[in-house]
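Student: Protein chains in written order, with my numbering: chain W, 102 to 217; chain L, 2 to 111.
The hints are simulated quantities; they were obtained by calculation from the structure and are not laboratory data.
Wrong hints could be hidden among the right ones.
As the list claims (entries may be wrong) - Distance condition first, Cα-Cα at most 35 Å in a straight line; then the derived DSBU-like pairs of lysine-lysine:
(1) W/Lys145 with L/Lys57
(2) W/Lys145 with L/Lys58
(3) L/Lys60 with W/Lys172
(4) L/Lys58 with W/Lys172
(5) W/Lys163 with L/Lys71
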Amino acid sequence: NAGVMQNPRHLVRRRGQEARLRCSPMKGHSHVYWYRQLPEEGLKFMVYLQKENIIDESGMPKERFSAEFPKEGPSILRIQQVVRGDSAAYFCASSTMSGASYNEQFFGPGTRLTVL
Amino acid sequence: TQLLEQSPQFLSIQEGENLTVYCNSSSVFSSLQWYRQEPGEGPVLLVTVVTGGEVKKLKRLTFQFGDARKDSSLHITAAQTGDTGLYLCAGTFGNEKLTFGTGTRLTIIP
């Protein structure tokens with residue numbers, strides 16, 4: 102049973118380019134979360150999505166960042182016009198359900214974005 | 002805004018010794034997870050606790066959730082070099098997003 106898959110594992114972009122990060126959740130999981138880990142900092146929540154819906158985007162920067170989880174295919178985190186401060190590890194997690202007494206999130210290996 | 006503090010921040014001990022690391026919150030958890038993260042990898046879920054006073058064991062690891070659900074501890078018995086890593090606590094507070102602690106970086110010396 103494959104775990105959460107993310108690609109690419111490493112991504113290098115020049116300032117002003119676009120970055121697209123992909124996440125395929127675990128089989129049977131319909132909830133996806135994106136987190137960012139800046140150098141020497143902890144993991145910070147960015148956005149929570151279900152199929153075709155953004156549920157909570159309270160952690161997303163207001164500009165240049167967007168996320169989607171289409172009916173078919175992986176979830177995409179898109180960063181437009183990247184700047185050096187976007188350099189970080191981006192992790193995707195998935196879970197089976199919400200509304201339960203607790204929610205276990207399983208993480209992918211991450212995409213390490215470097216902006217030159 | 003919830004704050005999760007972990008202590009100690011760094012811990013180096015000899016193989017075979019016991020250790021305990023702590024996670025404290027300014028707010029009551031809905032649920033709390035412990036993860037371990039290796040360099041260059043994503044966090045791996047170790048355990049989830051939800052009930053105040055709950056104790057869970059995973060081989061040599063014992064996880065305890067405080068009665069008031071604002072703190073937790075992870076105790077490792079007879080540490081091994083394979084236990085080396087970054088230990089993260091993370092909690093939910095009435096919604097789905099995880100708030101992560103600052104982490105304890107554990108090094109087991111052979």
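Student: Check whether the Cα positions of L/Lys60 and W/Lys172 lie no farther apart than 35 Å.
Tutor: violated (40 Å)
Student: Is the hinted pair W/Lys145 and L/Lys58 satisfied, with a Cα-Cα distance of at most 35 Å?
Tutor: holds (28 Å)
Student: Does the structure keep L/Lys58 and W/Lys172 at a Cα separation of 35 Å or less?
Tutor: violated (39 Å)
Student: If you draw a straight line from the CA of W/Lys163 to the CA of L/Lys71, is it 35 Å or shorter?
Tutor: holds (31 Å)
Student: Checking one constraint from the list: CA of W/Lys145 to CA of L/Lys57, max 35 Å. Satisfied?
Tutor: holds (26 Å)
The structure does not agree with the numbered hints 3 and 4 stated previously, though it agrees with the rest.
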